[in-house]
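Asker: So the sequence lines, in the order shown, correspond to chains A and B. When you line the first sequence up against the numbering used here, it's residues 385 to 496, in that order. When you line the second sequence up against the numbering used here, it's residues 9 to 122, in that order.
Please note: incorrect hints may appear among the correct ones.
Unchecked claim - Derived lysine to any residue pairs resembling SDA-like cross-links, with alpha carbons at most 25 Å apart:
no.	chain 1	residue 1	chain 2	residue 2
1	A	K422	B	K49
2	B	K27	A	E426
3	A	K483	A	E399
4	B	K30	B	S70
5	A	K483	B	K30
6	A	K389	B	E64
7	B	K49	A	K438
8	B	K60	A	K389
9	A	K422	B	S70
I should point out that these hints are in silico values taken from the structure, not numbers from a laboratory.
Here is what each chain is made of, one letter per residue.
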Amino acid sequence: DQQVKQNSPSLSVQEGRISILNCDYTNSMFDYFLWYKKYPAEGPTFLISISSIKDKNEDGRFTVFLNKSAKHLSLHIVPSQPGDSAVYFCAASGGGAQKLVFGQGTRLTINP
Amino acid sequence: ETGVTQTPRHLVMGMTNKKSLKCEQHLGHNAMYWYKQSAKKPLELMFVYNFKEQTENNSVPSRFSPECPNSSHLFLHLHTLQPEDSALYLCASSQGSAGANVLTFGAGSRLTVL
Chain A
385 DQQVKQNSPS LSVQEGRISI LNCDYTNSMF DYFLWYKKYP AEGPTFLISI
435 SSIKDKNEDG RFTVFLNKSA KHLSLHIVPS QPGDSAVYFC AASGGGAQKL
485 VFGQGTRLTI NP
Chain B
9 ETGVTQTPRH LVMGMTNKKS LKCEQHLGHN AMYWYKQSAK KPLELMFVYN
59 FKEQTENNSV PSRFSPECPN SSHLFLHLHT LQPEDSALYL CASSQGSAGA
109 NVLTFGAGSR LTVL
């Protein structure tokens, strides 16, 4: 049973426009959600996180929105830049567990 | 060296070989992790160590044997692997404190089992 799901394997967006990456979860015990970005031949790097007591967290061009009632979160990147082309992973933790549970990832391609 | 360093970056081994993956973190973190990334699958947690003690084993087959001699080093010993074990093995570390448990990952070791 996959507790964190990213249903879109890929997304293509034009440079300068907004990229929206989505993530759904099933475990209501999760209390932190994180987004990671991964380039080929590199490990995932942390982008932004949000606590379950908030509904929005912003850091520069990156904003994460959390809808607890829908068990859904999204990452908005605006404006999108060519360097944003990567695989993005959604992850969650909580319920007293230390580990991060990851989604399958979404490959984002920013077209010039 | 900074961050989390993994060696080797690439490894090809036969099913009867014994090899080891090494991970070293230079961040002063207390927790270390092994994750496995197979094609088109989520990252799967394998093991968690806190202050050198194993605190989680995610039902990993015994052909994978972790070792954590201190809080900065983590090994994954491999023996009699199967072709389906071919994957990217990622090491990570974290402070292990309350709040968002931000993991810092290494670049991974790409394993191919023939």
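Asker: So, for every hint listed, does it hold in this structure?
Answerer: Structure-based check of all given hints:
1. K422(A) to K49(B): Holds, at roughly 14 Å.
2. K27(B) to E426(A): holds, 22 Å
3. K483(A) to E399(A): violated, 35 Å
4. K30(B) to S70(B): Roughly 18 Å separates the two Cα atoms, so the pair holds.
5. K483(A) to K30(B): holds, 20 Å
6. K389(A) to E64(B): Distance of about 23 Å is within 25 Å: holds.
7. K49(B) to K438(A): violated, 29 Å
8. K60(B) to K389(A): violated, 32 Å
9. K422(A) to S70(B): violated, 29 Å
Comparing the model with each earlier hint shows violations of hints 3, 7, 8, 9; every other hint is respected.
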